[in-house]
Each structure stands twice: as C-alpha cells, then as structure tokens.
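Protein sequences appear in the order of chains A and B. Our numbering numbers the first residue of the first sequence as 1 and each following residue consecutively. Our numbering numbers the first residue of the second sequence as 1 and each following residue consecutively.
For the record, the hints were derived by calculation from the structure and aren't laboratory data. Computed from a predicted structure; not experimentally measured. You may find that some hints are simply not true.
Computed, partial: chain B to chain A, Cβ under 7 Å [stated by the list, open to error]:
hint : residue
1    : THR19
2    : VAL29
3    : ILE31
4    : PHE42
5    : TYR175
6    : PHE178
7    : LEU179
8    : ALA184
9    : PHE197
10   : VAL235
11   : ILE247
12   : GLU249
13   : LEU250
Each computed DSS-like pair below joins lysine-lysine, with the alpha-carbon atoms no more than 25 Å apart [claimed, not checked]:
hint : chain 1 : residue 1 : chain 2 : residue 2
14   : B       : LYS47     : A       : LYS188
15   : A       : LYS251    : A       : LYS44
16   : B       : LYS47     : A       : LYS50
Across the chosen pairs, the derived CB separations fall in these ranges [said to hold, decoys possible]:
hint : chain 1 : residue 1 : chain 2 : residue 2 : range
17   : A       : ARG81     : B       : VAL239    : 20 to 30 Å
18   : A       : LEU123    : B       : THR188    : 16 to 26 Å
19   : A       : TYR247    : B       : ASN91     : 36 to 46 Å
20   : A       : LYS251    : B       : PRO186    : 49 to 59 Å
21   : A       : PHE124    : B       : ILE132    : 34 to 44 Å
22   : B       : ILE132    : A       : GLY48     : 19 to 29 Å
23   : B       : PHE20     : A       : THR22     : 27 to 37 Å
Yeah, the Cβ is synthetic: ideal placement off N, Cα and C, and Gly gets one too.
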Amino acid sequence: MGRIFRQAFLSYKAMYSYVNPTVFFLMMILNPTLQLAFFAFMVKFAYGSKDISPWIIGNAFLLASSNAIFIIGTLAVDERRAGTLMVVMGSPVNKFRLFISRSMFHIIDIGIRVVIGFMIGTLFFDFPISEISIFKLFLSIGSSMLSGLGFGLLIGSFALIITDMNMFLNTMEQVLILFTGAVFSVSKLPTELRWISEIVPLRRSIEASRLLLGIDQSNFYHLIGDEILISMIMMILGYIAFEICSYLARKNASIDLY
Amino acid sequence: MKTIFRIVYSSMKIQMKQTFAREMFRYIVIIFPLFTGLLMGFVYMDKSTADFVSYAMVGTATMTMWSSIAFSSASDVQRERFMGALAQIFNTPEKFYYIMLGKVLGNTLLGAVSMVISFIFVGAVFKVPINIVNVPAFLAVFFISVVSYMMIAMMLSGVLAVSRQARTLMNSMDYIIFLLTGSAFPITVLPIYLRFFSYALSPTYAIKLLRLAITGSVNTSAFHLYFVGLIMTTVLYFVASLGLYRIIELRARVNATLEVI
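Let's have the full structure, built from the sequences with the hints guiding it.
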C-alpha cells in the first residue's frame, strides 16, 4: 500500500512540480471556470431558458473528462518522452496495477474539478446547490471519478502502440463532449448514433445528478450502479487492451517509437 | 524585403511539411472542425436559420480557426524545444521573428482550410443553405481576419517560446477566446464588465463583420465601426508582437530558459 501511495504521489509531483502557483491556478480554477462559463452562456442563449442548472451539471462533469483523457491517458506517453517507458515495461511488476496506482491522485483531481465546477455554477450561475442532496451529489461525483479512471486507463493503453497519441486523445475528448449529453440532449442525436451515448462514461453520472434537481429521483441509484458497472467494464477492457498492446509493442519494437 | 520573404516562405514550407507528417494535422484540419460543427449544430438546430448560420456555422468556423492557430503555434514552439532545435532557430543569423512568422503563416493557411471545411460541413449535415449575400465583403473581412489571427498567434508564439509552461498555457487559450469574442453567442449575453475585454480582441470584430457580410448588412454604421475596430486591433497586435519579440530575445538570453523542459 505504501508503495502504491509513493508511486501515486511521485506521479502527481512529476506532473505538476514544474508548474508555478500561477499556472496551477490557471489549470485548476481559471480553465474550468472559462469552460463552464462558455457552455453556460451558450446554452443560455441557444435554449433561451433562464434555468440552466441541468447544463451546469453536465458541464461540471465534463471538466472531469480532460483529466481522465489528458493525464491518465498520457501516463505511458510521458514515460516514453522521458525515456523511461522501456524500463517500466521491462520491470517485473504488474504494469497495469502500476498505472492504476499512478492515477490515484489524478482521480482525486477529477473529483476536485467537478466540485470546483459546481462551486462556479453556484457562485456565477445561481446553481441551487442548497436544494439538492449533497450525499447523492458526491455519490455521482464518485462514480464519475471511477468512470474517468476506467476510461483513462482504457485509452491510455493504446499509447504503447500509437506513436502520436494527441489526435486519439483529442478525438476521445470530442466524443465525450458530444455523446454524454452534457451540452445538448442526447435525444437530438440521430437514432443511428445514440448507441454511442449508451456506452460512453460520465453520461449516467450526469443524468443521475440532473435527477437531483427534480422530485422523482427513483432512478438515481440505478443510474449510479450502471455508471460503476461501465467503469468496471472499461477497467477490464483496459487491462485486456494493455496486455495486447504491450505484447504488440514488444513484438513490433515500438515501445520507444515517437 | 526579398530576403524576408524568402525566410518566411522557407520557414512556412518546412512548417507545412512537418505538419503533414503528423497525425495531429488530421485532427486539427478535419476531426476538430467536424466534431465542433456537430456540437454547435445540435445546440442550434432548433433556432432560426439566421441564428444557425450566425452562431453554429460562423461560430464553428472561427473557433476552428482559433484552435488551429493557437494549438499549432504553441505546440510548434514546444516541439522545437523537445527536439532541441528551439535554441538553434533562435540563434540563426536571420531574425527569430521572421522564422516564427513563416511557421504561423503555415498554420494559418491550414487553419483557413479547416475553417472552410467546417463551414461547409455544418451547412451540409444540418441541411442549411449557405447564402452569403455580400461575397466581396465577406472575402475581404475573411482575409483581414486571417491576418489579424496571425498577429495574435505571433504574440502567443513569442510568449510561449520563453515559457516552460507552454503546454499548460496552450490549453488555457481556447475557452477564454471562445467566451470573450462571442463566437458561439452574442457578447451581449456576457456581463457588462467582460465586454470590455471582448472589444480589445480582434476576433470579436471579425466574427461580427463575417455575420454582417453574410446577411448583406455592409452599408451600416455598425459594419464600418467594426471594420475600423478590426483594422485598429490588428495594427496594434502587429506593433505589440514586434515589441514583444525584442523583449523576448533579451529575456531568453538573460533567463536561459529556452531549452528548459
């Protein structure tokens, strides 16, 4: 356990140690504020509604996606860039577990970002935080953290065989923005594309949190359960993908190729 | 003058060749415009055709252009740094400004292509006819807007050259511009204290002018006012970018952070 914690802390420190407090502020506060504000003003104008709370929820959860994709998803890429990926892959430890442990602090980061999103929504966009169950809200934030971990590990596995991950990761971010229903209702999607929104992470966490604004919350735990199930499936798929990709990377000698 | 053109052209040519060799190029020029177009299209699909064209189509096009320039210019500096080539470019006998101008020009041309792709794509997918009432005015505004975006990119690339946090700063630049320039909604939706910043940014005028040119409202005082605003901010950015590069050339030598990753 101590080793896992040390790995997690070192990974987090390696990611942010070069960043000065101003830039850390930019990343943790200003970026989420701007992203949330942009989507909030857009839906306010586009939908002409005064109550944009459901969209604040969607976009607060969307803030989690960038951590899941660009930090957890790039753990292997960063190792490659530092020239240490081959050492990691050659070590006798369970590599998938190693990457999970390195994601630990980043997962907490995901939760903090979502909370920041809700705080921004409350401060600037009259999000009725006092009217909703905080316990249930944290439950849905927790499920989104798990989802982020599963998704990040799954897509991050492909870093072992893809030399330019930027395109893949950015595309995945766009997929989440489009199919989680954070910015527009998934019912607007053509029927042929709706299945994608059924399998993407975060959608059910968003939907569950939106239920908290209404009276009928009977579906809440069902949605949270589904989200956790999806995150577990993603982790299993992530493990399988990692094993296949590491085999292919060794076979094709592409571990250090970039 | 001929020498300057040669430097800019050579730098642009290398930049574009390097870009074509990267997979990320496909994301910037094709995938990002398509996804952003779909997102904006779905958000605005229930609005009037005029609103759809103004916000979904023009919005997607300008957002695409901005992302292309901001991401490319920032990541180019970062890439050169990782390859160990930034200091060498910096120390060549030719001015660093002209070399970077060539790079930015290359990115801008690709950005303009993605802008056109997104504009046509959104119109085609959501079956909204593209009807530009005043084509010459639209093209003139488009050209000046591209120059203006280039000047912003020049300022950004210079700042990022001396900053170790280029990658982080790069990700902060998207939404601040999308938000303040009214690319996806009119800036009147913003609180009044934020609008002050909007008018200091040339994309605000460019977006307004493109919308007016599409609707054919070019002989209005608003069009003339925004046109003056676009020209003035562009000239201001040009002068600022020149000054900035002088400061940067000095700071890079004093702080010696050009190659610090």
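Going through the numbered hints above, which ones does this structure break? Give me the numbers in ascending order. 1, 2, 9, 10, 11, 12, 13, 15, 17
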